[in-house]
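*Asks:* Taken in sequence, the protein lines are chains R and A.
Quick note: the first sequence, position 145, residue 145 per the numbering used here, numbers continuous.
Quick note: the second sequence, position 235, residue 235 per the numbering used here, numbers continuous.
Hints are not guaranteed to be accurate.
Which copy? The list can't say, so a pair holds if one copy fits it or any two copies do.
Stated by the list, open to error - Cross-link-like lysine-lysine pairs, in silico, BS3-like; alpha carbons within 30 angstroms at most: (1) 126 x 172; (2) 187 x 109; (3) 16 x 126; (4) 21 x 168.
Note that these hints are calculated values from the structure, not bench results.
There are 2 protein chains.
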Amino acid sequence: MNNFEFYGPTRVLFGKGMISKLSDYIDKNQKILMIYGGGSIKKNGVYDQVKKALEGYNLLEFGGIEPNPKYETCMKAVELIKKENIDFLLSVGGGSTLDGTKFIAAAAKYTGNEDPYDAIVRTDGKNVVDALPIADVITLPATGSEMNNGAVISKLETNEKLPFHSEKVFPKVSIIDPSVTFSLPEKQTINGIVDTFVHTMEQYCTYDVNTPLQDLWSLGLLRTLIQEAPKVLKNPQDYDARANVFWCATCGLNCWIAQGVVEDWSTHLIGHELTAFYGIDHGQSLAIVLPRLLKNQLETKKQKLAKLAKEVFNIQESDEEKAAILAIEKIEEFFNSIGMKTKLSDYNVESLDAAEKVKDRFLKRGTKIGEKGIIDGNVAYDILKNC
Amino acid sequence: MNNFEFYGPTRVLFGKGMISKLSDYIDKNQKILMIYGGGSIKKNGVYDQVKKALEGYNLLEFGGIEPNPKYETCMKAVELIKKENIDFLLSVGGGSTLDGTKFIAAAAKYTGNEDPYDAIVRTDGKNVVDALPIADVITLPATGSEMNNGAVISKLETNEKLPFHSEKVFPKVSIIDPSVTFSLPEKQTINGIVDTFVHTMEQYCTYDVNTPLQDLWSLGLLRTLIQEAPKVLKNPQDYDARANVFWCATCGLNCWIAQGVVEDWSTHLIGHELTAFYGIDHGQSLAIVLPRLLKNQLETKKQKLAKLAKEVFNIQESDEEKAAILAIEKIEEFFNSIGMKTKLSDYNVESLDAAEKVKDRFLKRGTKIGEKGIIDGNVAYDILKNC
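If we strip away everything but chain R, and leave its shape as in the complex, we get:
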C-alpha cells in the first residue's frame, strides 16, 4: 500500500426530508448567496424546499451556472458577492453548480493580481489561501463534488476545461435527498451512472500495490451500480434504488476508495477535451474513451481488469489477458444496456478529427498522463482514432 493523507471534513445529511435541516448548519447572521443552474430546481420543488428551510435568512440568488460551469459566468457571481458583502454560499443543483460555487468561493477571496482562472485553476488550487464557506443541496448523483475538494471549470475564451483542488473548498455541509432525483431526465440519470462508474475505474484500474480492501470496495461499488442502474431506469421513483445510486456517486469520488492506491485520471482528461471541442456531455465522453483506453493500456491494467472480470462479471477465465479483454467488453455492454452510446460516430464526430485535435493540444501542453505517465499526445491519438 502506498503512503497517503486523508482529509474529508464535509458533513453529509442523507435521506428523505433532509433539506429541512439546512438551518441547523447555517448561522442566521450570515448573508447568503444561493447559487443555482438553469432553473430545474424551480420545477422539481427543491427551490421551494430550500426557501422554506431558510425562511427569515438574508438570502440573495444567482442563477444560470451552466453544465461544465464557465469561468466567465462564475466571475459575474464574484462581482455580485463583492458588491453585496456575501458571507456564505449555498449551491442548489448538480455537480456543475457546486463546482462553479467552489470556484466562486475561492475567487471571491482571491486578492492577487492575476486572472483568477490562471491563479486558481491552472495552478490546481495552489494559490487558494481562503474561500467563502459552502453548503449545498446536491440534486444529481454524478460528480461526487458534494464530498470532495475538487471542481472542474471551463473557460469559454480558450475552449478549455480544467480541474482544481483545495481543502478550502470542501463543502461544510452537503444535503442529499435521493427523492429529488425522481424527476431527473433519463439522460442525466444515465450520464451520472457512467460518470460514477468511470470515477471508480480511475481509482481502481491501475497497477496493483497490494490494496485488497480498497479493491473490494471499488468492485463492490461497480457491482452495486450494475445492480441498481436498471432499477432506477425502469422505475425512476424507486427510492431505495435512487438512494443506492446516489450513495455510490458520492462514494465514487469522496476519496474513500482511493487511499493508498495508484490512480489514473486519463479517461477524464481525454474526455474533457471531447467536451471542450465538441460539447459532448461529460458522461458520454467517458463512455466513449474508457473502453478504448483500457484496451490500449492493457499491459499495465490487465491484472486489475482480470480481478474485475471475476468479481463483477463472474467471468471464470484463468488467462489474465483474456479475462481482461472480456471485462472491457462487458463494461461497454453495460453502458450500452442502460442506453449510453460509446462511439464518437454516435455523436457525428469523426474519430480522426478528434484524435488530431487532442494530439495537437497534448503535445503542445507536454501532457503525459495515465498511472505510468505514458499517455502523451501520440498515445491519445491511438486511443481516439479507435473511438
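Fit chain A to the known structure of chain R by using the hints.
*Replies:* Chain A only, in chain R's frame:
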C-alpha cells in the same frame, strides 16, 4: 436505506515515516501533554520518534493509561492539565490510550458539578460542550478510535465499562505507521483482528434495509481480514499485510460502512461485562460472545449471514438458515485458526456464573439491546450459558 448523518473531520496520515510529519499539524505555541500507556512505546522506538518530531515543543508527559482505561487514572491526568494549563493532547499508543485521552480532553473542559463519569460517560457524551484538541499516534490496529468520536471508559469503583460519544473528541490528526506494529505481541495482534472483525459484524449483521454498497464494503473488509491475518501472524514484519490489517481496523470503525444501515452492538455490550467481571481481554470477550449471539438471534440475522456465507466463505447453500449456520461455524473456525479461543471455559470462567451475573446487571439496568431491542437480561443469560 435509512436516513443518516455523517461527519468525520479527522485527518489521517498513513504510512512509513509519517510520525515525522506531526509538527506540520501542531501549533508550536501550544503546551502539549503527551499521554501514553504502560511504556511499550519506549521499547519499540515510537517514543523517540515522537520526541524527535516535536523537538523544541513544550511537551509534558503522562504515562500509565491501562488497557480498558480507568476513569480514576484519567482524572489524575485532568488534574495535571489544569495545574499546567495544557492546550493540546497527544495520545501515543493503542486504542485504550486514545480512548482515555478522549475522556481526559472532555473532562478537562467540563465545568459542571457532577462526577465527570456520570456527566460525560453515563450520558453518552450529552454534556460535552467543549474538549481539548487531540492528535494521536496510534500503535495498535483494533479499536478504530483514531478516526471516530467514541471512547470506552471503565470505572474501577463500580466495576463498570461504558462507552461515550461526542463530536468534540474526534482527533484532529491521527498518524498510522503500520511498521510500528512489527513488534506487537502476537496476542495483541490477534485481539485486534478479532475486534475489527466484530466491529464490522456489528454494523453488517442485522436485518436488511436495502444497502448493497455498505454490505459489500463490510463483506470486503471481512474477506480482507481473513486473507491478511495469517500473513501477519506468519511474518510479523510483512509491511503490506500489516498495512492492510491496520487500514481494515481503522475502516472497521470510522463509520464509513455504517451509513444508512441498522447496527447492533450487543456482542460488544455483553463482552464489556465479561471484561468488567473477569478481566477477559476485549478481543477475547468478543470471540466468546459473537458465535453464540448470532445463533441465538438467527431469526433477525439469517439473511445477512447467508449473504456472508456466500460472499466471504464461498458457501453454495440455497437454504438461508442452513447457510447462516454454516457461516457462524466458519467464523468461529477462523477465530480458532488464528489462535483465538472462543469458550468461557478457556479462561476458567463458569458460563452459568457469567450468565447469572450479566443477567442480574442487565435486568437491574433495564438493558434491552440488539437491532430489535430484544436482548434483555434473560436473553443474555441464554446466550452466555452456551458460551
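*Asks:* Is the C-alpha distance from residue 21 to residue 168 at most 30 angstroms within one copy, between copies, in both cases, or in neither?
*Replies:* Intra 23 angstroms, inter 21 angstroms, cutoff 30 angstroms: intra and inter.
*Asks:* Which holds for residue 187 with residue 109 at a C-alpha limit of 30 angstroms: within a copy, between copies, both or neither?
*Replies:* neither (36 angstroms within a copy, 54 angstroms between copies)
*Asks:* Indicate which option fits the pair residue 16, residue 126 if close means a Cα-Cα distance not exceeding 30 angstroms: within, between, both or neither.
*Replies:* Answer is between: at 26 angstroms across copies they meet the 30 angstroms cutoff, but 37 angstroms inside does not.
*Asks:* When Cα atoms must be at most 30 angstroms apart, do residue 126 and residue 172 count as within-copy, between-copy, both, or neither?
*Replies:* Answer is both; intra-copy 20 angstroms and inter-copy 23 angstroms each pass.
The structure fails to meet hint 2 from the earlier list, while all remaining hints are met.
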